[in-house]
Amino acid sequence: MALLQIQEPGGKPARPKHRLAVGIDLGTTNSLVAARCGLKVETLPDEGGEHLLPSIVHYGSDGLISVGKKAKTFALTDPKNTLVSVKRMLGKGLSELRQLGHYLPYEFDAARDDTAPAVLTRAGSKDPVSVSSDILSVLKARAASALKGELEGAVITVPAYFNDAQRQQTKEAAELAGINVLRLLNEPTAAAVAYGLDSADQGNIVVFDLGGGTFDVSLLSLTRGVFEVLSTGGDTNLGGDDFDRLLATWLIAQSGDAAASEGEALQLANDLKHQLSDVEEVKFTMGDYRGSLSREQFAEIAKEPLSRAMMICRRSLRDARLELDEIDNVILVGGSTRMPLVRAAVAEFFGREPLTSIDPDKVVAVGAGIQADVLIGNKSDSDFLLLDVTPLSLGIETMGELVEKIIPRNTTIPVSRAQEFTTFKDGQTAMALHVLQGEREAVADCRSLARFTLRGIPSMVAGAAKIRVTFQVDADGLLSVSAEETLTGVKSEIQVKPSYGLEAETIESMLQASQENARADMELRSLQEAKVDAMQLIDAVAAAVIADPQLLEEGEEQRINQGVAALAAALENGSSAEVSDLTAALNQISGDFAARRMDAHISRALQGESI
Amino acid sequence: MQVPEDYFSLFSLERRFAIDKKALAANFRALQNENHPDRVAADDEQAKLLAVQKSSLLNDAYATLKSPLARAGYLLKLRGVDVEGVSQGDLDMAVLLEQMELREQVAEAPAGEAGLAILSPIKRDIENRIAARELSFVANLEADDLVSAKRVFHELQFLHKLFQEIEVSEEKRLGY
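Chains as they are written, first to last, in my numbering: chain G, 73 to 683; chain F, 52 to 227.
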């Protein structure tokens with residue numbers, strides 16, 4: 073007998089229809105939305121045929137919110153109510169925002185917490201999340217009208233270097249705009265996806281992303297539909313703007329016109345840069361000066377930023393443990409890769425012509441659109457999968473203000489790692505946990521993500537309790553931490569939602585500093601470990617003197633106290649060798665006393681007394 | 052995905068030190084393809100949570116077996132050997148001397164790029180030592196001599212650590 077199929081009323085229709093999902097590139101300067109249109113995934117234009125939406129929001133006196141090109145016209149006339157480059161503000165505290173300086177002509181809301189800053193506009197207090205959400209709403213509406221239907225979900229791209237706070241706020245902005253976030257996707261990965269499906273074989277891919285102000289490079293491997301991110305690197309202070317600045321300086325020097333305004337020179341430099349993408353040589357006038365600039369000359373002028381970019385490429389190769397001849401494809405992303413000199417430098421370094429068939433401004437959005445289509449279930453399971461990595465190490469503070477790394481940088485996510493810790497003092501019933509992000513060994517040099525406390529640990533001697541701390545990072549790169557006392561099952565956990573974010577520059581300088589300071593860190597570590605040992609010994613000796621004073625011999629207490637005092641003084645400002653030596657000395661001084669206590673305890677135990 | 056007996060059986064590999072790396076990578080990708088949270092991105096929270104757990108387990112298992120050092124430690128753990136703690140008795144005096152000698156060679160390399168030419172043969176030397184130790188680790192394990200296997204494992208730990216430190220100092224010289 074054939075089984076009857078029963079459709080639940082209001083349930084899913086028996087035949088799945090094409091579900092609408094989009095990819096969104098929420099950029100610092102411009103944003104785009106892409107979706108599947110027939111066979112291809114393409115970026116969607118607005119009614120005027122424009123694909124790029126400037127990431128600018130203006131709050132008008134008439135209560136109107138304008139986004140994009142129209143908002144841009146207010147940037148000069150009404151800067152306080154026109155928010156630009158809001159992506160730079162995501163996930164940051166007020167003090168970090170103030171360091172951004174010239175980007176911010178705004179007045180901040182004094183009533184807000186320092187950790188959740190907002191700009192005062194005539195439309196009220198606006199935080200980076202709500203401004204980003206206004207941009208996303210426009211893209212959502214654009215997609216709904218172009219695709220003639222309701223969106224079921226979106227993939228939103230973020231820079232690979234975005235930290236937890238920045239990712240969280242990107243997600244919040246999307247949710248505020250009523251968008252169901254299927255996945256946050258790293259921008260370089262999205263670019264690789266945009267190209268990857270066409271080639272559909274296997275190989276190692278470099279994504280070279282040079283934008284206006286930032287540079288990112290990622291190495292990925294593709295094997296039968298599975299992308300693995302092998303390493304990521306970059307510089308948040310390297311981009312097309314550097315080329316403009318160097319060229320402007322050259323122009324001023326050539327024309328001998330010291331009076332030329334910097335703004336004019338920069339504008340001219342930018343024009344010439346763009347022209348050189350199409351022709352070999354350009355003529356220009358600057359004041360009374362007439363001159364010409366060839367591609368060759370420009371390459372010489374722009375040598376420094378280019379070689380810096382190549383250095384970062386070399387380092388990423390090393391991080392990924394790949395040799396140059398193992399690279400199969402190089403993908404160019406970002407408007408600045410249109411410069412022929414950049415393309416030539418990339419081709420020379422990697423020994424192959426980079427892929428350029430997709431518009432470098434649109435490639436990230438297209439990749440996100442493809443991924444969205446896969447995630448919403450329009451494609452079969454066998455298609456492709458992305459395995460991403462953590463950009464920075466995650467760890468926990470241990471005694472001596474040191475960081476114990478629990479998940480190292482470049483670990484494939486999702487990941488769950490646990491480590492056991494123990495109590496430091498006798499009878500300790502609570503343990504404060506401090507979650508950190510960064511590569512350095514000292515707590516002060518890493519970024520604090522969250523703090524929480526595990527309470528209710530049963531009272532035991534130091535070192536007896538077993539506290540298992542578990543770090544879990546999901547596929548979006550978001551972290552949660554839990555701690556459990558394994559003997560009793562007492563538990564505490566936290567979803568890390570830090571209100572402060574890490575400036576991408578800070579991340580880089582932290583990465584650099586970690587290498588420069590590896591040696592200093594090791595010395596610091598040995599000092600801190602020596603200190604921990606010393607403090608434990610002092611505690612133990614003090615407790616013993618109080619517990620069994622009758623076992624002390626003539627003058628012994630005084631000798632012990634002297635040893636303790638000397639060690640305590642070394643703890644203040646001694647070297648690790650001094651601390652270790654004095655610890656050993658105190659061990660010796662108190663050794664006989666400790667042996668007598670042990671004997672006494674054993675004999676008492678033998679006599680049936682409880683100890 | 053069944054709850055596996057151990058990481059080796061998870062990837063359909065024999066429980067031994069020498070493994071087929073290509074098969075490991077291929078089986079890992081196939082399993083991730085089925086179990087990754089992206090496969091249930093449009094489903095409910097329960098399904099997502101389960102997928103995150105499965106996928107994390109796969110990543111952990113893969114990382115453990117991919118690294119020869121982690122694989123060696125894992126093999127010992129499967130045999131009930133505690134590899135976390137290392138006591139004085141676990142190490143030979145000769146090994147400590149070898150370590151000191153190697154570290155002296157590294158310390159003598161001049162600063163700057165000039166040192167790279169000195170460090171590179173030391174790295175090759177360490178790689179050879181690692182390869183030789185791996186052979187004796189396998190032999191010890193096969194002979195059920197877990198005490199010796201543990202000792203060799205700790206020696207491997209030292210060599211790998213030294214190798215990493217040389218890489219860091221190379222990177223410093225290269226200006227990374």
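Do not rely on the hints blindly, as some may be mistaken.
What the hints assert, rightly or not - Which stretches of chain F does chain G cover? Using the computed rule of at least three CB atoms under 8 Å from a CB of chain G, they are:
id : region
1  : 80-93
2  : 97-109
Unchecked claim - Think about it this way: if two alpha-carbon atoms lie no more than 25 Å apart in a straight line, the pair counts; the simulated DMTMM-like pairs of lysine to aspartate or glutamate are:
id : chain 1 : residue 1 : chain 2 : residue 2
3  : F       : LYS99     : G       : GLU395
4  : F       : LYS117    : G       : GLU224
5  : F       : LYS174    : G       : GLU395
Quick caveat, the hints were computed from the structure, so don't treat them as lab data. On a predicted model such as this, the values are computed, not experimentally measured, just so you know. Every residue, glycine too, gets a C-beta built ideally from N, C-alpha and C.
Structure-based check of all given hints:
| no. | hint | in the structure |
| --- | --- | --- |
| 1 | 80-93 | holds (count 10) |
| 2 | 97-109 | holds (count 5) |
| 3 | F:LYS99 / G:GLU395 | violated, 37 Å |
| 4 | F:LYS117 / G:GLU224 | violated, 39 Å |
| 5 | F:LYS174 / G:GLU395 | holds, 17 Å |
Hint compliance for this structure: hints 3, 4 are not met, and every other hint is.
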